[in-house]
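Q: For reference, the chains in residue letters:
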Amino acid sequence: MKFIKIAAAALVAASCIAGVALAHGYKIGALEIGHPWTRATAPGAKVGAGYMKIKNTGTETDRLIAGSSAIAGHVEIHEMAMTNGVMIMREVKGGIEIPAGATVELKPGGYHVMFMDLTGQIKEGEKVKGTLRFEKAGSIEVEFAAEKIGAGSMNHSGHDAAKKP
Amino acid sequence: MVAALAAAIGFLAVQRLAPSANVAEPVPIGGPFRLTSEAGKPITDADLLGKPFALYFGFTRCPDVCPTSMADVAVLLQRLGPLAADFRVYFVSVDPERDTAALLAEYTDAFDPRIVGLTGTPDEIAAIAKVYRAYYRKVPTSQGDYTMDHTATIYLMDAQGRFAATIAYQEAADTALAKLRRLLGPE
Numbered sequence: 003m004k005f006i007k008i009a010a011a012a013l014v015a016a017s018c019i020a021g022v023a024l025a026h027g028y029k030i031g032a033l034e035i036g037h038p039w040t041r042a043t044a045p046g047a048k049v050g051a052g053y054m055k056i057k058n059t060g061t062e063t064d065r066l067i068a069g070s071s072a073i074a075g076h077v078e079i080h081e082m083a084m085t086n087g088v089m090i091m092r093e094v095k096g097g098i099e100i101p102a103g104a105t106v107e108l109k110p111g112g113y114h115v116m117f118m119d120l121t122g123q124i125k126e127g128e129k130v131k132g133t134l135r136f137e138k139a140g141s142i143e144v145e146f147a148a149e150k151i152g153a154g155s156m157n158h159s160g161h162d163a164a165k166k167p
Numbered sequence: 260m261v262a263a264l265a266a267a268i269g270f271l272a273v274q275r276l277a278p279s280a281n282v283a284e285p286v287p288i289g290g291p292f293r294l295t296s297e298a299g300k301p302i303t304d305a306d307l308l309g310k311p312f313a314l315y316f317g318f319t320r321c322p323d324v325c326p327t328s329m330a331d332v333a334v335l336l337q338r339l340g341p342l343a344a345d346f347r348v349y350f351v352s353v354d355p356e357r358d359t360a361a362l363l364a365e366y367t368d369a370f371d372p373r374i375v376g377l378t379g380t381p382d383e384i385a386a387i388a389k390v391y392r393a394y395y396r397k398v399p400t401s402q403g404d405y406t407m408d409h410t411a412t413i414y415l416m417d418a419q420g421r422f423a424a425t426i427a428y429q430e431a432a433d434t435a436l437a438k439l440r441r442l443l444g445p446e
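For the record, the sequence lines run as chains V and X.
All letters in the first sequence, in the order written, are residues 3 to 167 by the working numbering.
All letters in the second sequence, in the order written, are residues 260 to 446 by the working numbering.
Chain V with its partners taken away, still in its complex shape (with noise of 0.2 Å):
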């Protein structure tokens, strides 16, 4: 596995003011994964999600197809939609695209990597290593930074919440 963790500043640091966590990122392939997260869980609750940035800058199409975490029973892939009041959570069959020349976001509100039967709870601060797994690009350790509860809502400046429409 080939893979260098570099310092994705200018990725996220624009937008990263809670400073609950540094903004950090990886590389694998053509994939640049810049500062992979996921919120502190509630007692009691046994799922999770994670999100992140994926740069393509490659000219072939990636697909994240799957990943694991030792804190989690297994992962899936899904993605969220509010339509009319209603939140629909649907997995996605085949993974997430990558588009050459693309940058995807895993955020809330839309896609993320969804850690189910959580062994545990996860704690603000923590950092929650997981393997991400791309069809072409191969498989990556990486480490989710835990933030607040609620991080990405309405009344956090976490990093989504300026940036919502």
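All the given hints hold, so there is nothing to weed out.
To spell it out: a stretch of chain X is covered by chain V in this simulated footprint if at least three of its residues, at any positions, have a beta carbon under 8 Å from a beta carbon of chain V; those stretches are:
{"id": "1", "region": "313-327"}
{"id": "2", "region": "364-374"}
{"id": "3", "region": "397-406"}
Please keep in mind that the hints were generated in silico from the structure rather than gathered at the bench.
Every residue gets a Cβ at the ideal spot worked out from N, C-alpha and C, and that includes glycine.
Chain X: place on chain V using the hints.
A: Relative to chain V, chain X alone:
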């Protein structure tokens, strides 16, 4: 064709001018229910009369919208200060198979003790969802697991148990606060 169109317009006009009970009456939101509280005790709509309350449909295995909404609610409750001292937000599980009263207590208290988990039999959950016009559905996933689609709106109900307003997912905090202040403030 023209006649049909004219008839249709005429029909609509009649409907607008003379709403009949089965066409244009506003559909009430909220009503009777019978559930089990996070303390494991029976709770009905009658127990909530006398104070405004909020109600949300969710489940503890919800990765995004439920924890985000409940974290938002916790911040809103804090910002309301003493006004919300006796205010309760009921988190009704749409996954009663997995969400026991004890699990809901632990889950909701992680956000704020004023958020109270409610569960019930599948029939009881179906009944409250029906009176609140809420939608939920179990969706299987590939690895033998399942997730739930569900209405993710916060219902604000007045002291008589009547529908007052909603707070949408990721609604601006200030708008949500204004609605809550109106609900909780003096008449």
